[in-house]
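Let chain V serve as the given structure and place chains W and H on it in line with the hints.
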Amino acid sequence: MKRNLPLIFAFISGILVVISEFIPHRPFSQMVSTLQDWFMIIAGFAIILGQISLFQANLAKIKEKKSGWYFYLAGLLSFMLMLVIGLLWGTQEYRGLIGHGEAIQGWLGSKPFDYMFDNAYMPLSATMFSLLAFFIASAAYRAFIIRSFESNLLMITAVIVILGRTSFGGMLTAWLPESFKFWHLPNLSDFIMEYPNSAAQRAIMISAALGIIGSSLRIILGIERSYLGSDK
Amino acid sequence: MSFAGTFGLWMAVFFTFSIFSFLYKDNPFYKFAEQVFVGLSAAYWLVYLYYSIMLPNLFSKLISDFKGNLILLIPAALGIMMLMRIIPKTQWISRFPIAIMIGTSAGISMVRYAKSDLLSQISATMINPFAAVSVSAVIGNFLLIIGTICGVYFFYFSKKQEGLSAVPSKLGIWFLMISFGASFGYTVMARISLLIGRLEFILKDWLHIIK
Amino acid sequence: MSVNANSQTERRIVFLVLLLAVALPLIFPIGWKTEVSGYTKMAWNLIESTPDSVVVIFSFDYDPSTMTELQPMAEAMLEHAFSRNHKVLAMALWPQGAQMAEQAFAEAKKAYPDKAYGVDYINMGYKVAGIVAIQAMGRSMAEVFPTDQRGIKYQEIPMLKNIRTLKDIAYINSLSSGTPGIKEWVMAGRDAYGTPVTGGTTAVSAPGFFPYVNSQKQLHGMLGGLKAASEYEVLIGKIGSATTKMDAQSIAHLLILIFIAVGNVKAFRARRRRDAI
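Each protein sequence line maps, in turn, to chains V, W and H.
Letter 50 of the first sequence, counting from 1, is numbered 45 in our numbering, and no numbers are missing.
For our numbering, add 513 to where a residue sits in the second sequence, where the first one is 1.
For our numbering, add 179 to where a residue sits in the third sequence, where the first one is 1.
Just so you know, these hints were derived from the structure itself, not from any lab.
The model shown is predicted, which means the values in this text are computed figures rather than measured ones.
For every residue, glycine included, the Cβ atom is placed at its ideal position computed from N, Cα and C.
Treat each hint with caution, since some may be false.
[As the list claims (entries may be wrong)] A few chain H residues facing chain V, derived, Cβ under 7 Å: (1) Trp211; (2) Val215; (3) Asp299; (4) Glu322; (5) Phe389; (6) Ile437; (7) Ile439.
[To be verified] Result set (EDC-like, lysine to aspartate or glutamate): computed pairs, CA atoms no more than 20 Å apart in a straight line: (8) W/Lys717 <-> V/Asp113; (9) H/Lys212 <-> V/Asp185; (10) W/Lys538 <-> H/Asp347; (11) H/Lys332 <-> H/Asp347.
[As the list claims (entries may be wrong)] Calculated Cβ distances over 12 Å to all of chain V for the following chain H residues: (12) Ser244; (13) Lys288; (14) Lys289; (15) Ile342; (16) Ala382; (17) Asp426; (18) Ala440; (19) Asn443.
The shape of chain V in the complex, shown without the other chains:
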């Protein structure tokens, strides 16, 4: 029961979705509609589960005093702080458990949750990803080396696109006469994106789709069951 019943559940829900695609009428449409509404609620609980796991993992590191445990404590405290202020006073639009917190809003200029979002979460998130600019510059300098015909192709395309997607690139070949407009860098870059790039990306898309369809079928038919975990 512990293994077979879930497999039956997966089969029924998967097959229902597929049938409703071909017979989009009652009772299948109604059943799938209900299933999708349920899915959103269950997915909500799944996210809660993920956050609890994160909380537990951090707590364990702090308890065991693993190296750098105080950083995990900072993470845990910021988690608690954001959660509590979010639930108590709500967010920009949502009303919190104890109202909108007009007094605290008057002092901070916004709700505490939004204050933390604007001044902590946003800069952290944006800066974390902006680091990648430095790493890609370093990679361009150290790793983007011509070694073969294929790497030549890659390099030439990259150079055209890097130039073509700037205002400077457009200026560089703006003097070309009308009959040579194809070689105008922005046009050339658009041509590469629209045709050879689309062709390769489409090949990847078609190949990946075949793989996804195959693995979905394996899940629905119960051949692929690794998501159930072990029996321990």
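Same frame as chain V, now just chains W and H:
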């Protein structure tokens, strides 16, 4: 600017430089900022989940009309069964909601990918290359058709090929290389943009050097 | 100096030069002009040619990490939709997208202060489960969004009076930086329910979405990265935040090309030295 505003600005500046300090080397400021980021983002998700899913789609409906929404007790129960995964002894209970989610996702993926990424893409490749307004578009259409076919050929006939049968694979690789080059160009653009955004914050909002 | 220390110093010089290359054009703008590309024009055409008073969806499927690229697109497209008198339903497949939508509305309302909440625009907030949520919207919008963010019931929102499913929406505009996002909207919004989809995405994911702009019209044009955002600003005649950043973007691109060239010259010399030995 009010005290809270100034404090908030300096907090943002502190976190920005803490992250940037990683460029020199890994250090406690970076580690601190990294963990705060993880904590804040987990809580952010949870708060929004509560207000935009759990409250309107479940709790409010049950509170306002319990009898009319009795059926919602099923996903609620399945959700609680999902949480059973936390306790090792009751982990198996979570298999039921997971199976429903995986089964539904598999069903949706199957039909959606078959339509959008397989059939529609094949249809979009079966075009008349000459039905274009310019010579470059006609050449482009040919490249699109040849590139797609050769790319799929390369992925699906991956055993070692020699002679004539190796030609489509070779062409497929060339198209892929062009695409990777283009992707690199676009990645450069994306990463630089993100840095511009942060520097604009430092130069505009903090130092007021630019307007 | 050891090889390792040498390479570490080189790395830091690269970082410093890049920092200067981005910062200086921000302080001393050059003012290079931006040319509009075909895919941006296509997206603009969809909004421009859609009749007024219809309800459209703007899906904010991104977070602050990519807001430099996507927020200018959202603002420019929102202003364009407001100028065409489209009624905008904002939603988010990413939790942070709900706040991004609020910021975009605040910016667009500077140009269109008369637009009223609930009548001309609405923020329905975040919905979990990506493609499943979109599929569910295709059957009943009110089931997915029982209330808006302020707690107003779906049935009581004036602009949504005649909107039952996704099929009643004139077009969908997804501003997306990953999954779920533009791909899910194409798959479920366009291919399942036939609602036209356009959108904007980060430059890094743009090449993967180009095959959707095709003869099947899976995607009506697309904005890829900051350059496309500045192109859209040109189309609506606005000097926005994307336009002002394009000089820095151009200079940084040039610098990356110089890095590639110098790196290759260095590698070529090293190879020749090795061959000589």
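> Which hints from the list above does the structure break, by number from lowest to highest?
Replying inline: 2, 3, 6, 10, 12, 16, 17, 18 and 19
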